[in-house]
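K.L.:
Listed here are the chains, written in short residue letters.
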Amino acid sequence: MADLTTDFLGIRSPNPFWLASAPPTDKEYNVRRAFEAGWGGVVWKTLGEAGPPLVNVNGPRYGVVHGADRRVLGLNNIELITDRPLEVNLEEIARVKADYPDRALVVSIMVPCEEAAWKAILPRVAETGADGIELNFGCPHGMSERGMGSAVGQVPEYIEMVTRWCKQNYDRPVIVKLTPNITDIRQPARAAKNGGADAVSLINTVSSITSVNLDTFSPEPSIDGKGSHGGYCGPAVKPIALNMVAEIARDPETYGLPISGIGGVTTWRDAAEFLALGAGNVQVCTAAMTYGFKVVQEMIAGLSQWMDDKGHASVADIVGRAVPNVTDWQYLNLNYITKARIDQDACIKCGRCFAACEDTSHQAILMKPSRVFEVDDSECVACNLCVDVCPVEDCITMEQLAPGQRDPRTGQVVPAEYGNWTTHPNNPMAKAAK
Amino acid sequence: MATPSRAPGIAPGRLSSEEIAANFKDLHAPYAAHEASVAADRCYFCHDAPCVTACPTSIDIPLFIRQIQTGQPEAAARTIFDQNILGGMCARVCPTETLCEEACVREAAEGKPVEIGRLQRHATDALMARGVHPFTRAEPPGRSIAVVGAGPAGLACAHRLAMLGHDVVVFEARPKPGGLNEFGIAAYKSTDGFAAAEVDWLLQIGGITIETGRALGAGLTLDGLKAEHDAVFLSIGLAGVNALRAEGGDRTGVVPAVDFIAGLRQAEDLSALPVGRDVVVIGGGMTAVDAAVQSRLLGAETVTMAYRRDRPAMGASVYEQDLAASKGVRLMFNVTPVAVHGNGSVAEVELAYTETVDGKLVETGETIRLPADQVFVAIGQSLSAVPEGVALEGGKIAVEGPGRTSMPGVWAGGDCAAGGEDLTVTAVAEGRDAAMDIHAALSA
Ligand SMILES: Cc1cc2nc3c(=O)[nH]c(=O)nc-3n(C[C@H](O)[C@H](O)[C@H](O)COP(=O)(O)OP(=O)(O)OC[C@H]3O[C@@H](n4cnc5c(N)ncnc54)[C@H](O)[C@@H]3O)c2cc1C
Ligand SMILES: Cc1cc2nc3c(=O)[nH]c(=O)nc-3n(C[C@H](O)[C@H](O)[C@H](O)COP(=O)(O)O)c2cc1C
Ligand code: SF4
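Read top to bottom, the protein sequences are chains C and E. Letter by letter, the first sequence follows residues 2 to 435 of the numbering used here. Letter by letter, the second sequence follows residues 13 to 456 of the numbering used here.
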């Protein structure tokens, strides 16, 4: 049996699946039930300053993008940080941690960008016995208008400054949660590292409007006819999150900085991909909000099964395994030449490959009598569009032309050696091959 | 369920009215909105989709399904009606399992096609529920066309001609329009008076006058129609029935299946409609299945369909055979009626077993007798009242191209015309195409 336990910054948990700071972790009742269901850890819903708790809207706070059969593909929210009193949250955190010493319990915090505010809250969080803190520099809505959340996360200098305050005033691990609403994710990650962060977690939600009501012309979710941009999450954001995790994992300046991967994790497979791209664990929100706490059981069983099948003994063995394979475009092997191949036995003759290639690609699929579809190698550029739009899995595949064969499209013989753009003759900046 | 009355002979009220009402409700219930969107999502939007080719009226199926997906069933209906003005009826009665759904690539992929017929019904119902008619007439070029027969072929032809701006007079022998939609289709396919409602909706285009009780050959002549109109379209269906050529075939209780069905379709109260306790249906087509199934639904205790050839040769599709079997109809193959026994009324049907020898169907000599209070004959319909001077081909009106008969100025389509399957949708296609050709001829 694969070993799913993880040690993230010295915080141990029985599996790499943590619930992200969000409604599922907003109170003792939820977190206890989440632990009972098998979640390895939680990041408590973000706490704010002491004093009167903030208020949420009293109309709908979520919007959604559905796929077929109302499957939730993306969720958007305009919820703020916790709207329960700080004292109540702290008491609950202390109780839960005492009862579940084997689970990870990290506390998310967002207070104004003043050292006093952080100094005030950090000792109180430390007293609860929580395993660490996560600095919420991510929320793209509401809190950002008050100079917090992504308003901090978008300014690397602030990130570094606040992180440093936290490291000076708190002695357990500090995780900095990053907002994706920024051009280059490496900048805030570097700032966090420079400020002394033990890890970064990402992504928080992506600024978004999910839809517009075409009767009232109000964005959704609509509050009395008006809407505000919200934060987008769920399966739709996973590709964005994966890229950002990989960017940080392979950046020489942040190389080795632990990462907690967040964004669209819905199945064991999603989690494994985050781990492979360098995340030490994953955090989940939308999947739990869509299916309930029980989804973690599939994630645990699935990851374990896959690791057993592939002979990976522990989670640590897979973390970062895909990072060396993430590279820049200029280093991709231009001598790797493939052609689309259609398996005639599997083909159901829908013709979608033809429509796609004929109308929008390279006119490389021929439609023959009786709806037989064939690839014309002399036109196929191997773009993969036909593979992607074919409704039958593995019906169209990409096959490599072996070195020495002639590519009927270019008339050139396929070279055996690797060759990329940096040395390509068409590149005016090409470095002469040695 | 209470035991059906076993009263001997042909008797009404074998089942309670509640049971009969339940038996005759929609064969395929309409979709709820969410069901429709799930069903629509299964469509792959194929290139040059095979389902479109398989539809005799060439409805743009992927397009209309996509319109359902995007929440506009009414727009989807417009796409359907552009090609097939009786798309509502076709959605209910088409043997989709041998047409569009058979061609669906998901049938090939997983044996489970997109449910095109039900989606089509979802769309057409949505638009018709609004009570609006989506087409208007072109500026009148002022030509007048006579259509003979108000079945699907005649109605489709009249509607298209009206759209093109012509004035149409439809002469219909029966007291009601609709043809077999009104008098023939199984009651559980066209519920709640849909056939009549569809005709009313279709007539909203304007420019169409239907004169019922007016028959060609009984008052009307082709020469007369030609003299008064610029063109004539014949869509008189197959009004004759092939008689049972077996000893005793004229006994009381032996009736053409189409007459039984027409009576059933027009009955105000189905529980008052008499049916035999033991029913034998002779034939193997759609009409035979409909007569057999509806006899069972009325409460007949035993119903047997006797078909003279083997199962693969049967006209009824596998789907229809299964439907009949599921309703408790016994299917017998390779049996042919040789005598109807009884004392005035039918009491027994004697069937001879058959086999195929050297490509010919012959009796084996062995026979079997089945008890029967009622025998429905469904061995084909035939053309009647064909005007003189119109050439025939295989017992039907010979046509060339889009329904041109041998007589200038006279077109024909639907069941009465040669070529094409005898289906509602084929009749619609032929009526529509003849209208386009008539328009072209008159505009030339
Ligand atoms: C019992 C039964 C069940 C069927 N079920 C199905 C089914 O489920 N699905 C399917 O696709 N098809 C079905 N069909 C076939 C389908 O009904 C026909 O193919 C279709 O109705 C043919 O249309 P039409 O307009 O050519 O003829 P019809 O519908 O027969 O209409 C002809 C019209 O012309 C009138 N007429 C006849 N003679 C004259 C005259 N001399 N003067 C004036 N008017 C005249 C008739 O009264 C009738 O109204 C069924 C047929 C039968 C008999
Ligand atoms: C309703 C809602 C409220 C959230 N509130 C917080 C929050 O208070 N603090 C925070 O750091 N992230 C918050 N998030 C972001 C999630 O923690 C997480 O980063 C994001 O949803 C992406 O993960 P997912 O795709 O698994 O949902 C919230 C998300 C949702 C949907
Ligand atoms: S890979 Fe691209 S170019 Fe080649 S056949 Fe497929 S769609 Fe056409």
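Read the hints as simulated data drawn from the structure, not as lab findings. There's no promise every hint is true.
[What the hints assert, rightly or not] List of simulated lysine to aspartate or glutamate pairs, DMTMM-like, C-alpha gap at most 20 Å:
#1 E:K339 / E:E30
#2 E:K188 / E:E259
#3 E:K124 / C:D329
#4 C:K28 / C:E80
#5 C:K432 / C:D346
#6 E:K339 / E:D60
#7 C:K120 / C:E50
#8 E:K201 / E:D60
#9 C:K239 / C:D185
#10 C:K369 / E:D53
#11 E:K124 / C:D70
#12 E:K124 / C:E50
These numbers come from a predicted model, not from an experiment.
K.L.:
Against the structure shown, which of the earlier numbered hints fail to hold, in ascending order?
P.N.:
Violated hints: 2, 3, 5, 6, 8, 10 and 12; rest satisfied.
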